[in-house]
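Student: Sequence:
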Amino acid sequence: MKIRVVSSKEEINSLGPNEEIIHLAFRPSNTDIFSLIMKCPNVKALHIPSSYKRTISNSAKMYLEMQGIELLEGDVWGHRKDINEYSEVSQSVYDRIAQYKQEGLTDEDVEDKMTRETRLSPDFVKFLVKQG
Numbered sequence: 004m005k006i007r008v009v010s011s012k013e014e015i016n017s018l019g020p021n022e023e024i025i026h027l028a029f030r031p032s033n034t035d036i037f038s039l040i041m042k043c044p045n046v047k048a049l050h051i052p053s054s055y056k057r058t059i060s061n062s063a064k065m066y067l068e069m070q071g072i073e074l075l076e077g078d079v080w081g082h083r084k085d086i087n088e089y090s091e092v093s094q095s096v097y098d099r100i101a102q103y104k105q106e107g108l109t110d111e112d113v114e115d116k117m118t119r120e121t122r123l124s125p126d127f128v129k130f131l132v133k134q135g
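First residue of the sequence shown: 4, per the numbering used here; consecutive thereafter.
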């Protein structure tokens, strides 16, 4: 799964309509969030650092919820935007999730194990487990 990393408000205009997960590496305003959703109607989740998530207004959160878009907390560790505008979740993460589910673990147990094994945030791991 590819996560589009957006570093500034100005980059919102360069996004394509098929983006599904977007990491915002800046503190977005309500206008930025609304513009992003209009530009990317297929978005499933916004991924933002925890310090920025706390500053998202309740109206923006409610709007995202009404649109069926998840607001995920976390960072994209080790990503170099100058090399690639996308951060990717490796196939091995999905394989491990599938393996744990096949072993009969509950979603919560899978989330706990994957959060410990990867450098992904608990919110993001929960999203991946739900998707798979």
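Bear in mind the hints are in silico, worked out from the structure with no lab data behind them.
Cβ atoms here follow ideal geometry from the backbone N, Cα and C, with glycine treated the same way.
One thing to keep in mind: the hints can contain errors.
The following label-pair restraints were derived from C-beta to C-beta distances [what the hints assert, rightly or not]: (1) Arg-30 - Glu-68: 18 to 24 Å; (2) Lys-64 - Gln-102: 21 to 27 Å; (3) Tyr-89 - Gly-135: 17 to 23 Å; (4) Gln-105 - Met-69: 32 to 38 Å; (5) Lys-116 - Lys-5: 19 to 25 Å; (6) Lys-5 - Thr-118: 29 to 35 Å; (7) Asn-33 - Arg-99: 36 to 42 Å; (8) Glu-88 - Ser-53: 33 to 39 Å; (9) Ser-93 - Lys-133: 40 to 46 Å; (10) Ser-60 - Asp-110: 25 to 31 Å.
Student: Using the C-beta atoms of Glu-88 and Ser-53, is the stated range 33 to 39 Å upheld?
Tutor: With Cβ atoms ~23 Å apart, the hint is violated.
Student: For the hint 18 to 24 Å, verify it against the beta carbon of Arg-30 and that of Glu-68.
Tutor: 20 Å, holds
Student: Is it true that Asn-33 and Arg-99 lie within 36 to 42 Å of each other by Cβ?
Tutor: 37 Å, holds
Student: Cβ-Cβ distance between Ser-60 and Asp-110: within 25 to 31 Å?
Tutor: 30 Å, holds
Student: Regarding Lys-116 and Lys-5, is the given constraint of 19 to 25 Å on their beta-carbon distance met?
Tutor: 24 Å, holds
Student: Do Ser-93 and Lys-133 keep their Cβ atoms within the hinted range of 40 to 46 Å?
Tutor: Between Ser-93 and Lys-133, where Cβ atoms are some 18 Å apart, the hint is violated.
Student: Do the beta carbons of Lys-5 and Thr-118 sit within 29 to 35 Å of each other?
Tutor: 21 Å, violated
Student: Range first: 21 to 27 Å. Now tell me if the beta carbons of Lys-64 and Gln-102 are that far apart.
Tutor: 34 Å, violated
Student: May I ask you to test the hint 17 to 23 Å on the CB atoms belonging to Tyr-89 and Gly-135?
Tutor: Roughly 20 Å apart at Cβ, these two residues keep to the hinted range, so it holds.
Student: Is 32 to 38 Å respected by the C-beta to C-beta distance linking Gln-105 and Met-69?
Tutor: Distance hint for Gln-105, Met-69 holds at roughly 35 Å.
Consistency with the previously given hints fails for numbers 2, 6, 8, 9, ordered from lowest to highest.
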